[in-house]
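J.: Could you build all of it, start to finish, from the sequences and the hints given here?
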Amino acid sequence: MINANHLMVFNCVANNLSFSRAAEELYTSQSSVSIQIKKLEEYLAVSLFEQLGKKIVLTEAGMTLFLYSQKIFSLIDEGVHAIEELKGCHKGRLLIGASTTPGVYLLPKILGNFKSIYPEIVPKLEIANSQRIVEMVNTNMLDIGIIGEEIICPPELNVEPWLKDELFLVVPVKHPWVNRASVHVKDLESEQFIFRERGSSTRSIIENILANHGLKVSIALELNNTEAVKQAVSAGLGVSIVSGFSVISNSGIVCIPIEGLGFYRMFNIIYHKNKIFSPTTKSFSTFLKFPSKRRNTIQ
Numbered sequence: 016m017i018n019a020n021h022l023m024v025f026n027c028v029a030n031n032l033s034f035s036r037a038a039e040e041l042y043t044s045q046s047s048v049s050i051q052i053k054k055l056e057e058y059l060a061v062s063l064f065e066q067l068g069k070k071i072v073l074t075e076a077g078m079t080l081f082l083y084s085q086k087i088f089s090l091i092d093e094g095v096h097a098i099e100e101l102k103g104c105h106k107g108r109l110l111i112g113a114s115t116t117p118g119v120y121l122l123p124k125i126l127g128n129f130k131s132i133y134p135e136i137v138p139k140l141e142i143a144n145s146q147r148i149v150e151m152v153n154t155n156m157l158d159i160g161i162i163g164e165e166i167i168c169p170p171e172l173n174v175e176p177w178l179k180d181e182l183f184l185v186v187p188v189k190h191p192w193v194n195r196a197s198v199h200v201k202d203l204e205s206e207q208f209i210f211r212e213r214g215s216s217t218r219s220i221i222e223n224i225l226a227n228h229g230l231k232v233s234i235a236l237e238l239n240n241t242e243a244v245k246q247a248v249s250a251g252l253g254v255s256i257v258s259g260f261s262v263i264s265n266s267g268i269v270c271i272p273i274e275g276l277g278f279y280r281m282f283n284i285i286y287h288k289n290k291i292f293s294p295t296t297k298s299f300s301t302f303l304k305f306p307s308k309r310r311n312t313i314q
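Quick note on numbering: the sequence shown equals residues 16 to 314 in this note's numbering.
In short, the hints are calculated from the structure, not lab data.
Any given hint could turn out to be false.
[To be verified] Cβ-Cβ distance ranges computed for the label pairs, FRET-style: (1) Lys297 - Val188: 45 to 53 Å; (2) Ser49 - Lys304: 22 to 30 Å; (3) Glu242 - Glu274: 25 to 33 Å; (4) Ile91 - His199: 53 to 61 Å; (5) Thr301 - Gln207: 40 to 48 Å; (6) Ile132 - Ser62: 44 to 52 Å; (7) Val61 - Gly267: 48 to 56 Å; (8) Asn173 - Leu140: 17 to 25 Å; (9) Glu237 - Thr43: 36 to 44 Å; (10) Asn240 - Asp202: 23 to 31 Å; (11) Tyr279 - Ser62: 46 to 54 Å.
Here the structure is a predicted model, which means the values were calculated and not measured.
A virtual CB, placed ideally from N, CA and C, is assigned to each residue, including glycine.
T.: Below is the structure:
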């Protein structure tokens with residue numbers, strides 16, 4: 016049987032890609048870390064790390080073991096917190112992940128209202144693009160995720176519709192279209208667009224809708240942050256299409272309707288089918304799903 020302590024040391028080294036930083040985190044010596052990794056490699060009869068210049072990287076076998084070790088230690092941590100919650104109602108941790116739009120513009124206020132009801136719960140919010148949130152939920156690094164509907168989830172995950180979002184064309188305040196009531200869909204082909212990175216659900220829905228209308232637009236810039244996209248539009252570097260939730264009370268950009276073209280998407284709640292919800296996670300899931308419980312949170 017694999018030595019649990021060896022696996023813990025391996026997981027720490029793999030997380031840091033550094034024997035010295037792992038030794039610091041584990042309050043032990045670098046030589047002790049190296050010895051335990053060597054014993055684990057001998058037991059498995061494979062190399063888990065390889066040296067590239069001054070850096071170490073995971074081998075294919077190392078990456079495989081790392082993915083499983085993350086699940087193992089996440090489950091252990093989950094079990095400990097579940098026991099803690101049994102000792103006292105509505106205490107403990109809550110691991111939530113969200114894509115940029117719900118993570119930045121919706122969940123902070125929702126979590127604030129949730130904390131006002133359950134002050135002893137400690138939420139941790141991970142914000143990344145939708146594809147990364149799917150990966151983290153699937154490997155049990157997150158309890159619940161919220162992403163755009165365009166991202167295809169693996170069959171191991173449950174996907175539940177949560178909230179409808181409308182996307183808008185945004186242009187800088189000095190753009191020639193500012194005084195127009197609307198623009199024609201074909202007008203978009205004359206503009207330089209600023210897009211989110213691939214893996215973003217906003218990017219996916221825009222590309223799908225444009226493709227369905229036979230439109231090809233020029234991409235001037237790709238950014239991995241909605242705020243950066245809006246700042247780039249405001250600076251006159253191009254136009255973009257962003258969530259309506261992100262442009263409330265925003266200066267420097269103007270929303271323009273597009274004739275005959277609506278950009279809508281649904282935000283979905285995702286979680287693993289084998290996930291055993293703790294009382295804390297159940298409470299938050301209920302809070303998300305029933306508007307009466309989060310009244311006045313989302314306008």
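J.: Does each hint fit the structure? Answer for all of them.
T.: Here is how each hint holds up against the structure:
1. Lys297 - Val188: 45 to 53 Å: holds (46 Å)
2. Ser49 - Lys304: 22 to 30 Å: violated (49 Å)
3. Glu242 - Glu274: 25 to 33 Å: The hinted range 25 to 33 Å holds for Glu242 and Glu274, with Cβ atoms some 28 Å apart.
4. Ile91 - His199: 53 to 61 Å: holds (58 Å)
5. Thr301 - Gln207: 40 to 48 Å: holds (45 Å)
6. Ile132 - Ser62: 44 to 52 Å: Holds: the Cβ-Cβ distance is about 51 Å, inside 44 to 52 Å.
7. Val61 - Gly267: 48 to 56 Å: holds (55 Å)
8. Asn173 - Leu140: 17 to 25 Å: holds (20 Å)
9. Glu237 - Thr43: 36 to 44 Å: Distance hint for Glu237, Thr43 holds at roughly 43 Å.
10. Asn240 - Asp202: 23 to 31 Å: holds (27 Å)
11. Tyr279 - Ser62: 46 to 54 Å: Taking Cβ atoms as reference, Tyr279 and Ser62 lie about 50 Å apart, which means the hint holds.
Hint 2 from the earlier list is the only one contradicted by this structure; the remaining hints agree with it.
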